[in-house]
Amino acid sequence: MTSQGWVWFIFLLPTLLGIGLFTLYPMLESFRLSFTRGAEERYVGFENYQYVLTSGSFRQAIFNTFYIAFFQLLIVIPSGFIIACLIQSLRRGKNFFKILFYIPNITSMVAAATVFLVVLHPQGLLNYALSLFGIPETIWLANPTSARWSVILLASWHALGFGIIINLANLQAISPDYYEAASIDGASRFKQWLYITIPNMLGSITILVILGWIDGLQRFTEAFMLGGHTGSPVRSLYTLVGFIYERGFGGLEYGVASAASYLLLVLILIFTFINIKFFRMKI
Amino acid sequence: MRSMGSSMRRKWEDAVVGLLLLALGMIMITPFLWMISVGFERTANVNAPFPPRLIPYDFSWFNYSLVFENGLMLKAYWNSAVNAFFSVLLSVSSALLGGYAFSRGRFKGKKILFVLVLATMMIPFETTLIPMFIMFNDLHLIDTRYPIILPSLINAMGILLCKQFFDQLPEGLRESAKIDGAGEFKIFFHIFFPLAGPITATLAILSFQGSWNSFVWPLVVINSQDLKTVPLFLSQFSQESGTPLMGVTMATAAVSIIPVMVVFLIMQKYIIQSIALSGLKGE
Chain D
1 MTSQGWVWFI FLLPTLLGIG LFTLYPMLES FRLSFTRGAE ERYVGFENYQ
51 YVLTSGSFRQ AIFNTFYIAF FQLLIVIPSG FIIACLIQSL RRGKNFFKIL
101 FYIPNITSMV AAATVFLVVL HPQGLLNYAL SLFGIPETIW LANPTSARWS
151 VILLASWHAL GFGIIINLAN LQAISPDYYE AASIDGASRF KQWLYITIPN
201 MLGSITILVI LGWIDGLQRF TEAFMLGGHT GSPVRSLYTL VGFIYERGFG
251 GLEYGVASAA SYLLLVLILI FTFINIKFFR MKI
Chain B
1 MRSMGSSMRR KWEDAVVGLL LLALGMIMIT PFLWMISVGF ERTANVNAPF
51 PPRLIPYDFS WFNYSLVFEN GLMLKAYWNS AVNAFFSVLL SVSSALLGGY
101 AFSRGRFKGK KILFVLVLAT MMIPFETTLI PMFIMFNDLH LIDTRYPIIL
151 PSLINAMGIL LCKQFFDQLP EGLRESAKID GAGEFKIFFH IFFPLAGPIT
201 ATLAILSFQG SWNSFVWPLV VINSQDLKTV PLFLSQFSQE SGTPLMGVTM
251 ATAAVSIIPV MVVFLIMQKY IIQSIALSGL KGE
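For the record, the sequence lines run as chains D and B. Numbers 1 to 283, taken from the numbering used here, label the letters of the first sequence in order. Numbers 1 to 283, taken from the numbering used here, label the letters of the second sequence in order.
In case anyone wonders, no lab produced these hints; they're calculated from the structure. Don't take every hint at face value.
[What the hints assert, rightly or not] No farther apart than 30 Å at their CA atoms in a straight line, the calculated lysine-lysine pairs in the DSS-like style are these:
| id | chain 1 | residue 1 | chain 2 | residue 2 |
| --- | --- | --- | --- | --- |
| 1 | D | Lys191 | D | Lys94 |
| 2 | D | Lys94 | B | Lys269 |
| 3 | B | Lys163 | D | Lys277 |
[Claimed, not checked] Here's a subset of chain D near chain B, in silico, CB distances under 7 Å, partners left out:
| id | residue |
| --- | --- |
| 4 | Gly5 |
| 5 | Thr15 |
| 6 | Ser30 |
| 7 | Leu86 |
| 8 | Ser89 |
| 9 | Phe97 |
| 10 | Lys98 |
| 11 | Leu100 |
| 12 | Ile106 |
| 13 | Val110 |
| 14 | Gln123 |
| 15 | Ile165 |
| 16 | Gln218 |
| 17 | Leu265 |
Just so you know, these numbers come straight off a predicted model, no measurement behind them. Heads up, the beta-carbon is just placed ideally off N, CA and C, and yes, glycines get one too.
Using the sequences plus the hints, can you model the full thing?
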């Protein structure tokens, strides 16, 4: 321990200042606000939490958020893993495919959603592609279920590249010795994949599930761009963060919005905890 | 030793996998290519280009020139560039200094502070959203660049990556300088910082992309047209004009992502490495 320990706090000053002003203080303030109501910040106990938890629009927001997050992960995680395995099995062109699949992720969500508004247009790309298989025209953003699936499609398109890169990094970290030993023993490539690759991939799958739920619970931009402030049609694209945004900045109900934001935080912590436990048990 | 037959088979497998990946990859980037192509379709604002095609029937620069006509896009570009410049400056310096302190510093509370920094990654930004808005509003800084730029001081992932980078450098570098009586700042700026080129570049790219694409927070704090960033301008444009003006909208979306695309295509190796690294370090 040097006598000049304080000098390190100068190095840390920007970070500590940032965390103090833009994380710790707002966290405490948000907690306090969640127990108040109105511009005069009158203390109301748990009323806001009670209100949020019993409100129909919050339940709708929870349902939409979970529905979209669940199916998006169900699509992205397995397909990201399989595509990464396919890329890894190539002897040439790995880099080309990495770039190709990563391009959607570079596109900002606002630009991606703008493009999807046109892709989902009745005379857009999606209906045209489906018509080639004889599937009749759908007006994607007119009906609640197909609108949710539109967001799922957009979010999956955007996130797939990230999953592929993470999976590839993990695949490359598996020692080639395992595969060599297995192929000397005469194991087929499929068996090697089943018995060597998959068990070694649980780490990156876990991280993708955790990050995926954290992102999914915070979903907003996609739904906002396709469905506006109220998540049209009939609030089918109204998400948890949409609720916070509408109540906080539309209705200036800071107390209600803060209570909802704490519920979001608790949900994220619970989900992260469950995911870690679940995957630890499997390992 | 591989026999002739199995190496032939391997070649076939590679070809099949390569073609499959190429087909999937083409599907993935079709919306992206279509965006560029619809922008070049002169009549797209009047008639939806149906059936969808990648090569425009009536090629022209008309829509792209319209994007720049009223100067709003250029203004948005300028705003995004200024915000990105200062955000990158703040977040990279704070990460380098902080990462160095956590790597080489000896001071009380180092462990706790490091955990605190990492914990900020778990906290959803929405939980701090409302108090942050109130705070900047009380300071009369809403509708200025400050609320967008200042929170960039927090860069927990950057600190983590920098700490790991500095951890790899030999301790001997410090010892000899210490013997010469150099202070901690001198040691950092004269010895360690000049070696930190690669990590600085990586952090700058990631932070640039984050800043250029950020949407929700600017949406909350910016009202005046003069300060709108590129994603704000695009979202406004696509919600006001949207699919009726398909050609200009797609051209606007394409123009909005040029900077991140260019940076990605030039620096793709760095970017993909750092994405993989940050994902795996998350474990």
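Practice item. May I ask which of the numbered hints given earlier this structure violates, with the numbers listed in increasing order? Key: Of the numbered hints given earlier, the structure breaks none, since each of them holds.
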